[in-house]
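Mind docking chains B and C on chain A? Use the hints.
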Amino acid sequence: MSDVAPRGAEPLVLKVLALAFTVFIVGYILVPILVTVAMSFNDAAMIRFPINVWSMKWYADFFGSPQWMDALENSILIAIGTAAISTTSGVLCAWAFQRFHIPFRDMWYILIMMPLFMPGVVLGLGVAIAFGGISIGGYAFYGSRELVMLAHSLWAMPLVFMLMEATFKTIDYRIVEASYDLGGGPVRTFFEVVLPLVSTGIVSSLLFAFVISLNEFVMALFLTDRDTQTLPVLMWLSLRSAGTPRLAVASVILALTVFTCLTVIMLWYIRQLRKVAR
Amino acid sequence: MTVSTALELRNVIRRFGTVVAVNDVSLNVSKGEFVTLLGPSGSGKTSTLRLVGGFENLDGGSILLNGQRIDHLPAYRRDTATIFQSGALFPHKTVAENVAYGLRMRNVPKDAIMKRISESLDIVRLKGFEARYPAQLSGGQKQRVALARSLAVRPAILLFDEPLSALDLSLRLQLRAEIKRLHDELKFTAIYVTHDQGEAMAMSSRVAVMNAGAIEQIDKPETVFHSPTSEFVYTFIGESCCLPVRVTSAGIEDKKGQAVGLRLGERLAEGECRIYVRPSRLRLISEAALLPNQLTARIHFIEFLGDLYRYHLKAGALELAADHAGSIGHGVGDEIEIGWRNEDMRVFR
Amino acid sequence: MTDAVRIDDASYETQRTAQERRKLLAPWILMLPALVIVLVFFGIPTVYMVRMSFNLHMDQRLYVPGFTFEHYVNLFSNPLFTNAILTTIKLALVASLATVVIGYAFALLVWLKPARWRLLFIGLALAPLLISEIAIIFGWWMFFPKNGLLSYGLLSAGLIHEKISLMYTEFAAFVGLVYVTLPYCFFILLSIFDGIDKRLLEASADLGASPLKTFREVMLPLTWTGILVAFSQSFIWTMGTYATPSALGPDTLWTMGFLIQEQMLGKHNWPMASALAVVLVIGVAAVMVVTRSMQSERTSFHV
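These protein sequences, in sequence, are chains A, B and C.
Using the numbering used here, the first residue of the first sequence is number 1, and each one after it goes up by one.
Using the numbering used here, the first residue of the second sequence is number 1, and each one after it goes up by one.
Using the numbering used here, the first residue of the third sequence is number 1, and each one after it goes up by one.
Where hints are given, some of them may not hold.
What the hints assert, rightly or not - Residues from chain A that keep clear of chain B, each with C-beta distances beyond 12 Å, as calculated: (1) Leu12; (2) Ala20; (3) Trp54; (4) Leu92; (5) Phe104; (6) Ala140; (7) Ile171.
Said to hold, decoys possible - Think about it this way: if two alpha-carbon atoms lie no more than 16 Å apart in a straight line, the pair counts; the simulated EDC-like pairs of lysine to aspartate or glutamate are: (8) A:Lys57 - A:Asp43; (9) B:Lys93 - A:Asp43; (10) C:Lys23 - B:Glu56; (11) B:Lys256 - B:Glu319; (12) B:Lys31 - B:Asp254; (13) B:Lys314 - B:Asp254.
To be clear, the hints were calculated from the coordinates, so they are not data collected in a lab.
Ideal Cβ placement from N, Cα and C applies to all residues, glycine included.
The shape of chain A in the complex, shown without the other chains (with noise of 0.2 Å):
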């Protein structure tokens, strides 16, 4: 901005508002993310600021809790079990779209993608009002990590779907020929030659579905119960009966772990580029 012609005091308070503008933006996304950090770290038994005495306590606290550990297994289970349907279902379905002339294409296509438009209350209720009293020789389905898994699918699919659709589309196809004309058929095609061109989009959408899901938690409310149950579901209703600082721990442990992937994929993603450019 700084190179505006001066043109009387315009640019100046332009500046200012600009400025304005970066503290608040700033402070309004760092704000929840500081204070539950910091909360964390708190020693007192109460949510109350300011915060005297800095301790671990709450950790300690939080990994010595089975209801808590068990919550978090839960959450990753079914964020890793998400992550493998959503993403396996959706590239297959979207090189289906790019390989294949498809009968009534749009059609499946809005299919195929109206779920992601739907609230997640209505989702919930939906699979929980249709599979509510379903068993599988005697398994029960409902309250299964299973049942939540294929519901966060409806979410996290139609993701994986789009961005893979968009990732087939850049793939030089006379590279996937020439694998067909080297006598590679169409399965070893797919995963030796489709595949690894495509790696980048594989993992995009893998951590893309394992977010989702572990995020997520209206779905998970009506569809777990108490053993199953995931930890933002555990936190959630928590939050209704006390807030404490464990459950700022469990923010941070949750968040922690979104990032752990991020990077491990930011990671990977730089050795990828290096192999390119090697």
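Using the frame of chain A, we list chains B and C on its own:
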């Protein structure tokens, strides 16, 4: 069909919507033959090649490879190997892995694969590049790897899809000579698609000139060049000038009805026609005097092309160009005589 | 030789048909997992939900099979539900407007700033996207109350003399909602800005237009589609949410999402919850259709 036929196309048809890309094409390629499909873009040459490779579906006719119908087989079950325009190397595999790919798909044993990799890279003179990735190769090297990758599987027929068009001129000439050398050495069977007539002439056993989805003429390069059977082939191969004229009882006039100083050795039937001559076959001034066909024309402008001068000439509404080694001592605006032999002229109506 | 080919013809035909069948079948095999997920876990539940909304609710049972419009009539006559519908629309409208305004300013700022700031700002905008809504709620939950950071900060700065609480106010709910939807708006708008040539601004300034005029005459028309998409995106999102307003807002702030959860998990009235969900989905769909049509009108106008 004899035993030596490698590939046979019978009345092959390919449509894209209402456009007929390949219109009733029949073609025989003998073993060891190098056949070029030559034509402008949109002439159906690439579509024909892709039909053979199995990348497009046939709308009619049949394709036989070594006497077996293959048109129903997917690309991965055909014994063909394509060298693509871009090379289409697998970017995530090394040179050696690229070459090994087709062999692995054919379940060739490991030690045999190793042997064939080194053989193939030897042939294309890329020994020592085994561990490189495609991103580390130049354009010409990439095409050599593509060639080695296709040669390694020893296909019944090699399909070249304008493999040199993405390269610059000097590299193109160099690789062109190399492909020619390899064909002489290895005697593989090949179809080569190009729009570059120089490539077609230099490498081919036979050239098939394609236009509008059909083969206009197929013959040895020399025959195609010297005795084109159609107006399209004549104008597409080599440079030519077109003289549109009307022959009347009174003489020859241009399209505007003005008489031109054109004297032909053989009488033409009355009516409109197009006379074609090649700039390189025209003789000027004194050299023209003894030739049966002559035209008086004015020099419009002169281009210096290094080895020769190109005279752009006008006679009434007729325009043509003539090449001459060295200057003829006439300048712009001068009227000169041009002459040519009967065999250097074509008349189409 | 022709004979040899003739003999092949029969087996050729069978091979060809098999090949063609495989080609027709292949896309469906690839699409199968995705279609199973969508049809079984979205399609069937939707049908179930619509059917459920017409069932009876009697005694303390979850539902009694039957057919009645009672729940829909109730929905549009009982003030509890009509208020919830109005509250939902009002909240979504106001929150989306605020989100678009803030998101627009944020995206504009990032677009105008030198490139070295860009990554930092994008990282900042990603944070609310990567953090769970529940963690965001909790963050604000510690900021607004009497013993929260806001009250403490203002008191320490001497701006107020007594502890204040903004917790359980519409403002708090509003702040939380905007926070959650802001990144979507921001990224949609930033991608629109990135498609604009920055020299347009200089050109406009050269022609003597004031920054305000440049904004109105140049920037706004160019970014109109992005604004629409961003608005409808956050509108849809806020319509369906219930956690943030119910946790941060006053008890009177009952949105449709909250009532669905309340009817389902609290009151065990499945038909009523379903009827609410059906109306909510129709609302979301209506917003999408309206935005789509406005978008295409706009484009056709430009063409």
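Do the hints match the structure? See the list:
no.	hint	verdict
1	Leu12	holds (50 Å)
2	Ala20	holds (48 Å)
3	Trp54	holds (50 Å)
4	Leu92	holds (19 Å)
5	Phe104	holds (20 Å)
6	Ala140	holds (45 Å)
7	Ile171	violated (10 Å)
8	A:Lys57 - A:Asp43	holds (6 Å)
9	B:Lys93 - A:Asp43	violated (56 Å)
10	C:Lys23 - B:Glu56	holds (13 Å)
11	B:Lys256 - B:Glu319	holds (13 Å)
12	B:Lys31 - B:Asp254	violated (50 Å)
13	B:Lys314 - B:Asp254	holds (11 Å)
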